[in-house]
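Trainee: Each chain, letter by letter, is given below.
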Amino acid sequence: MRFAVLILILASLCSACGGDTPASPSSTTPGRATERFDDIINVRESKFFPFSVGSNGTTSVNLASLSPISRPGVIVATVEIGWGKTVKDDAGTVIGCSLAKVTQTTPSLAAQMNDTLPPASDYCANIADVDRVIGLREPANFSIRVTHP
Amino acid sequence: MSAATFTDTRHGGAKTRRSKTFWLRASVSPWLVMALFASACGNGTAPTTPSTSTPTSENWSGVVAPGGQSSRSFTVNASGTVAITLTASGATLGLGVGVPRVTGGGCRLGVTVNASAASNPQISTPADAGQYCVQVYDLGTLQDPVGFALKIDHP
Chain A
1398 MRFAVLILIL ASLCSACGGD TPASPSSTTP GRATERFDDI INVRESKFFP
1448 FSVGSNGTTS VNLASLSPIS RPGVIVATVE IGWGKTVKDD AGTVIGCSLA
1498 KVTQTTPSLA AQMNDTLPPA SDYCANIADV DRVIGLREPA NFSIRVTHP
Chain B
69 MSAATFTDTR HGGAKTRRSK TFWLRASVSP WLVMALFASA CGNGTAPTTP
119 STSTPTSENW SGVVAPGGQS SRSFTVNASG TVAITLTASG ATLGLGVGVP
169 RVTGGGCRLG VTVNASAASN PQISTPADAG QYCVQVYDLG TLQDPVGFAL
219 KIDHP
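If you read the sequences in order, they're chains A and B. Heads up, the first sequence is in the working numbering, so the first residue is 1398 and it goes up one at a time. Heads up, the second sequence is in the working numbering, so the first residue is 69 and it goes up one at a time.
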């Protein structure tokens, strides 16, 4: 009887412990992917690039570079970047980007747009030269980074 | 707990004696064992906080030829400030930071300055985590190759 009580006490003590297992630190940067879109944009032109969002979370769009075609350095100009949903023709071919949000910006190494997008496979990022005064005066190389879950 | 191992012997008193020994030890040892358990409890390692990125300083030196450029990539592990200091240079040079080209090497610049050697950063800009590059280039003024040294500070 006393032996059984002893076992019972030990068992309860064992069950009391075990709650001390350290919780895994919550990750501040859950699995995210960064896609690069590099191309040339001409004066008054726009270009878009499809991308997918795999799960809920913040999607960032970053115009990281706007540089001359044939010399080092940067182009000082303001262009419009944005994101939206792709537009398809009857054959299912992506033919455009219907913008949901845009901002005018200069290049930066930190994202200019941070938005929570629901998972979908038909998003697009867009860049456009829209302003005759502060926009492009020559063709430019650009680099856009889209970081998403 | 070896005292709990009963061994039947040919001597009739042995079992009773060992049983008493067991319960004598058992009446004491539970408190000892409980104390051990109690001391074992409560020492769980506290959850570690997510590690923050340690500031990193990288030094790089090279040579820029007339009309040329030289670049190097580096990795920023967390959002923060990237600071570039041209610490030594034989001439005023173009200094920029941007993202590495996807193909073919080199750098697509996002921020540039015309820089001479100094002890304070000529470029200090916020950056997200990711791959970056620094580039030093001729501003069109070089007659001969010049050496340079720079420091990259980033999260």
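Just so you know, the hints here were simulated from the structure itself, not pulled from any lab data. You may find that some hints are simply not true.
[Unchecked claim] Pair by pair, the computed Cβ-Cβ distance ranges are:
id, chain 1, residue 1, chain 2, residue 2, range
1, B, S184, A, I1492, 48 to 54 Å
2, A, V1473, B, N188, 40 to 46 Å
3, B, T160, A, V1473, 32 to 38 Å
4, B, A159, A, N1453, 31 to 37 Å
5, A, G1489, B, A146, 39 to 45 Å
6, B, A159, A, A1497, 20 to 26 Å
7, A, P1515, B, T160, 29 to 35 Å
8, B, T124, A, G1532, 34 to 40 Å
9, B, N145, A, D1436, 24 to 30 Å
10, B, S187, A, N1439, 25 to 31 Å
11, B, S187, A, R1429, 33 to 39 Å
12, B, G172, A, E1442, 50 to 56 Å
13, A, P1536, B, D221, 29 to 35 Å
14, B, D221, A, R1429, 36 to 42 Å
[Said to hold, decoys possible] Only pairs whose alpha carbons sit at most 25 Å apart, straight line, appear in this in silico SDA-like list of lysine to any residue:
id, chain 1, residue 1, chain 2, residue 2
15, B, K219, A, A1507
16, A, K1498, B, G174
17, A, K1482, B, A217
18, A, K1482, A, V1530
19, A, K1498, B, A156
20, B, K219, B, A156
21, A, K1444, B, R169
22, B, K219, A, A1488
23, A, K1444, B, G173
24, A, K1482, A, V1499
25, A, K1444, B, A156
26, A, K1498, B, K219
27, A, K1444, B, T171
28, A, K1498, B, A197
29, A, K1482, A, S1495
30, A, K1485, A, G1532
31, A, K1444, B, D206
32, A, K1482, B, S147
33, B, K219, A, G1470
34, A, K1482, B, A186
35, A, K1498, A, G1470
36, A, K1485, A, A1507
37, A, K1444, B, K219
For every residue, glycine included, the Cβ atom is placed at its ideal position computed from N, Cα and C.
Trainee: Could you tell me which of the numbered hints above are not met by this structure, giving the numbers in increasing order?
Mentor: 2, 3, 4, 6, 7, 10, 12, 14, 16, 17, 18, 19, 22, 25, 26, 30, 31, 32, 34, 35, 36, 37
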